[in-house]
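From first to last, the protein sequence lines are chains A and B. Numbering-wise (our numbering), the first sequence opens with residue 18 and increments by one. Numbering-wise (our numbering), the second sequence opens with residue 18 and increments by one.
Take these hints with a grain of salt, some might be off.
If chains are identical, the list can't say which one is meant, so a pair holds when it fits in one copy or spans any two.
For lysine-lysine, the following DSS-like pairs were computed, each having C-alpha atoms within a straight-line distance of at most 27 Å [said to hold, decoys possible]:
1. Lys293 <-> Lys226
2. Lys397 <-> Lys345
3. Lys202 <-> Lys174
4. Lys174 <-> Lys293
5. Lys397 <-> Lys202
6. Lys202 <-> Lys190
7. Lys232 <-> Lys397
8. Lys293 <-> Lys232
9. Lys345 <-> Lys202
10. Lys226 <-> Lys397
11. Lys174 <-> Lys190
12. Lys232 <-> Lys345
13. Lys202 <-> Lys293
These are calculated hints, taken from the structure and not from any lab test.
2 protein chains.
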Amino acid sequence: MSDLGKGRGTRSTTGGRPALRKGPAQRGLTDVSLDRVVEGDCIELLRGLPAGSVDLVFADPPYNLQLGGELLRPNNSRVDGVEDAWDRFDDFASYDRFTRDWLAAARDALSDDGSLWVIGSYHNIFRVGAILQDLGFWILNDVIWRKSNPMPNFRGKRFTNAHETLIWAAKSKDSRYVFNYESMKALNDDLQMRSDWTLPLCTGGERLKDAEGRKVHATQKPEALLWRVLLAASNPGQLVVDPFFGSGTTGAVAKRLGRRWLGFEREADYAAAARKRIARVQPLGPEELETIRPRRAEPRIPFGWLVERGLIEPGTQLFDPSRRWTAKVRADGSLISSEHRGSIHQVGAAVQGAPACNGWTFWHLDVEGRAVPIDLLRQKLRAEMH
Amino acid sequence: MSDLGKGRGTRSTTGGRPALRKGPAQRGLTDVSLDRVVEGDCIELLRGLPAGSVDLVFADPPYNLQLGGELLRPNNSRVDGVEDAWDRFDDFASYDRFTRDWLAAARDALSDDGSLWVIGSYHNIFRVGAILQDLGFWILNDVIWRKSNPMPNFRGKRFTNAHETLIWAAKSKDSRYVFNYESMKALNDDLQMRSDWTLPLCTGGERLKDAEGRKVHATQKPEALLWRVLLAASNPGQLVVDPFFGSGTTGAVAKRLGRRWLGFEREADYAAAARKRIARVQPLGPEELETIRPRRAEPRIPFGWLVERGLIEPGTQLFDPSRRWTAKVRADGSLISSEHRGSIHQVGAAVQGAPACNGWTFWHLDVEGRAVPIDLLRQKLRAEMH
DNA sequence: ACCCAGTTTGAATCTGCAC
DNA sequence: AGTGCAGATTCAAACTGGG
Chain A
18 MSDLGKGRGT RSTTGGRPAL RKGPAQRGLT DVSLDRVVEG DCIELLRGLP AGSVDLVFAD
78 PPYNLQLGGE LLRPNNSRVD GVEDAWDRFD DFASYDRFTR DWLAAARDAL SDDGSLWVIG
138 SYHNIFRVGA ILQDLGFWIL NDVIWRKSNP MPNFRGKRFT NAHETLIWAA KSKDSRYVFN
198 YESMKALNDD LQMRSDWTLP LCTGGERLKD AEGRKVHATQ KPEALLWRVL LAASNPGQLV
258 VDPFFGSGTT GAVAKRLGRR WLGFEREADY AAAARKRIAR VQPLGPEELE TIRPRRAEPR
318 IPFGWLVERG LIEPGTQLFD PSRRWTAKVR ADGSLISSEH RGSIHQVGAA VQGAPACNGW
378 TFWHLDVEGR AVPIDLLRQK LRAEMH
Chain B
18 MSDLGKGRGT RSTTGGRPAL RKGPAQRGLT DVSLDRVVEG DCIELLRGLP AGSVDLVFAD
78 PPYNLQLGGE LLRPNNSRVD GVEDAWDRFD DFASYDRFTR DWLAAARDAL SDDGSLWVIG
138 SYHNIFRVGA ILQDLGFWIL NDVIWRKSNP MPNFRGKRFT NAHETLIWAA KSKDSRYVFN
198 YESMKALNDD LQMRSDWTLP LCTGGERLKD AEGRKVHATQ KPEALLWRVL LAASNPGQLV
258 VDPFFGSGTT GAVAKRLGRR WLGFEREADY AAAARKRIAR VQPLGPEELE TIRPRRAEPR
318 IPFGWLVERG LIEPGTQLFD PSRRWTAKVR ADGSLISSEH RGSIHQVGAA VQGAPACNGW
378 TFWHLDVEGR AVPIDLLRQK LRAEMH
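The task is simple: from the sequences and hints, build the whole structure.
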């Protein structure tokens with residue numbers, strides 16, 4: 018694991034400074050303490066992590082369903098079921114305290130460019146979202162998990178509750194968070210991935226059962242959901258922490274996708290089931306893990322290099338797709354049109370009267386009667402340079 | 018209007034005691050004060066309503082978007098964002114105060130069995146939802162408006178923000194709120210209506226424009242959305258109040274559906290446009306309240322979903338029927354061949370040197386020695402997703 | 001009347017590195 | 001922290017105009 022935090026284990030959206038990014042191992046976490054389920058209170062355990070050591074948090078906290086009174090105080094004592102408005106306020110207040118505590122601890126553990134996902138339902142997600150914002154998290158998206166096979170509303174008193182909500186938030190407004198745009202686009206047939214994801218509930222062979230055939234965990238999340246989350250917002254080698262580990266879906270998918278992971282779980286039974294489950298997971302090899310490389314991450318090639326390398330001759334006439342404007346290439350890689358001179362981008366913007374222009378895709382040259390974007394020459398040069 | 022609050026104007030879900038339910042006229046509101054747009058501050062106007070006089074509140078409050086500078090599309094055209102003064106707040110605390118004030122006033126105005134809808138985005142909806150709960154409202158559903166034609170994310174930095182969230186809440190836990198289960202089921206091809214509604218944005222002839230062709234209101238809601246809300250949660254003759262009336266969609270649909278209505282609006286321009294709009298609306302006759310059934314399209318299944326769902330493993334070798342070309346599946350659903358990488362369609366086209374290719378029928382995989390087109394897996398998945 | 005190609009537009013927290 | 005600039009980035013629908 019000597020390459021933790023290097024290579025693919027870095028942000029893919031910028032391409033800059035990959036060697037400078039620290040992996041978990043450089044941030045006070047050793048191999049032996051990673052890829053494990055730790056039993057205990059998630060708030061204490063989160064507080065025990067080195068500040069800034071975590072790249073991604075995925076959290077599936079208790080939903081505070083006001084049905085069975087399964088509500089826990091920060092000290093893990095159980096709150097009794099309550100009826101009237103005063104007690105309900107007490108109820109929410111205690112849920113809010115708990116939420117604030119674990120979110121604040123998670124925020125401290127996150128690196129500056131790390132991000133956090135929380136999943137919830139209308140019972141708790143509004144409180145979680147508001148507290149997130151109060152703590153300085155910067156919401157990037159709310160994402161809807163649209164269940165293709167939800168439980169119907171048996172009594173016919175409400176709409177079928179057919180979705181859950183995920184919030185994706187960066188540590189701060191200025192964060193340079195990881196978003197693997199191209200991978201998400203690839204996953205969605207070359208269309209931008211939207212904020213609504215249609216996925217089925219976790220059923221069938223994926224659902225963990227005990228010896229008597231009872232489900233091990235009441236709210237086991239489908240692996241497809243975590244697949245999308247981890248692929249979108251982390252890179253191989255980065256550290257993913259799940260403070261409410263449960264049946265270990267986050268760990269199973271993290272292992273498969275080559276991410277480092279840590280799971281916190283209070284209940285020994287869940288922890289044991291998760292360990293057993295994850296031990297069976299086969300990690301993908303580097304080739305399968307390789308995804309579409311974002312153009313932003315490709316090495317920068319100045320236009321002048323094409324001239325220098327003889328891929329384009331000084332004096333060559335360039336034109337835009339509509340052939341309304343032309344410009345000539347000069348020896349230093351600058352362009353000159355009838356009224357403007359400067360870089361391919363500057364002249365492209367100037368002739369159009371636009372505020373900006375990507376000269377690589379705007380300017381074309383004539384190759385045997387066909388208009389070819391100069392970006393094609395750049396790709397050729399890149400291939401030559403490996 | 019002597020039958021206000023009787024007959025159809027009663028809850029349909031219980032069937033009990035219809036004659037005892039009061040209509041607006043019995044609760045201190047006269048005909049002359051109804052079905053009107055009132056200009057002024059919504060909090061004061063809500064406070065001025067007799068307690069318990071309102072059957073349904075629909076609210077589309079400012080979202081507090083906190084937009085930065087200007088945003089350009091890839092073609093350099095400028096996005097016409099929400100820059101109106103009414104959407105600007107100093108900070109979360111002042112937005113929260115505003116929200117608490119209008120929600121508290123709305124709650125007092127609501128009858129005990131009345132309910133409230135609020136629409137918002139991730140910028141504000143979590144704060145609204147938490148405050149709702151703090152005030153004693155009882156959330157019945159959160160409903161997702163899934164936009165069929167959302168604005169893309171132009172910079173590729175996030176998921177396409179393709180939905181908005183509505184919260185539907187009763188005045189209290191014990192409320193006997195109106196829910197027209199059968200109407201909703203009928204609207205949905207005799208299936209229970211789910212909590213996610215797919216509807217297009219308000220465009221075309223429905224969108225109000227001024228003399229210069231500019232949109233009258235930055236955020237006009239589609240009538241189809243209000244149609245569903247009013248049909249679900251109110252009965253003819255009941256009173257619907259919209260404290261952020263804007264372009265008057267709530268009033269237009271309420272009039273058409275035979276509901277009484279009241280709209281509060283601070284801006285005189287909006288109020289005038291709404292009055293003009295609603296004057297043109299023809300109320301439906303009792304028999305016409307039958308609705309058009311929405312058409313259901315076959316769901317699109319991107320190839321990546323097969324990978325995500327475990328129907329095809331990353332690393333799987335694909336080949337064409339003639340077995341001249343092969344390619345490998347990667348974790349994000351893209352393919353890689355010896356010379357090309359991209360979507361199933363792109364790589365299929367590239368290896369053949371063809372301009373286009375249907376990857377679904379071109380690529381096959383080996384199942385027990387037999388070549389099976391990947392389209393078969395798609396059909397399998399589609400069947401699982403209805 | 002229809003078709004096709006090009007243009008416009010929508011509640012948007014929308015760049016990142018070098019100097 | 002501020003400035004300059006390379007260069008990356010869009011989907012569904014409705015509308016417009018010419019043939």
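Evaluated hints:
no., hint, in the structure
1, Lys293 <-> Lys226, "within (12 Å within a copy, 62 Å between copies)"
2, Lys397 <-> Lys345, "both (21 Å within a copy, 24 Å between copies)"
3, Lys202 <-> Lys174, "between (38 Å within a copy, 12 Å between copies)"
4, Lys174 <-> Lys293, "neither (41 Å within a copy, 37 Å between copies)"
5, Lys397 <-> Lys202, "both (24 Å within a copy, 22 Å between copies)"
6, Lys202 <-> Lys190, "within (24 Å within a copy, 43 Å between copies)"
7, Lys232 <-> Lys397, "between (45 Å within a copy, 25 Å between copies)"
8, Lys293 <-> Lys232, "within (15 Å within a copy, 59 Å between copies)"
9, Lys345 <-> Lys202, "between (36 Å within a copy, 18 Å between copies)"
10, Lys226 <-> Lys397, "between (46 Å within a copy, 25 Å between copies)"
11, Lys174 <-> Lys190, "between (41 Å within a copy, 13 Å between copies)"
12, Lys232 <-> Lys345, "neither (49 Å within a copy, 36 Å between copies)"
13, Lys202 <-> Lys293, "neither (34 Å within a copy, 44 Å between copies)"
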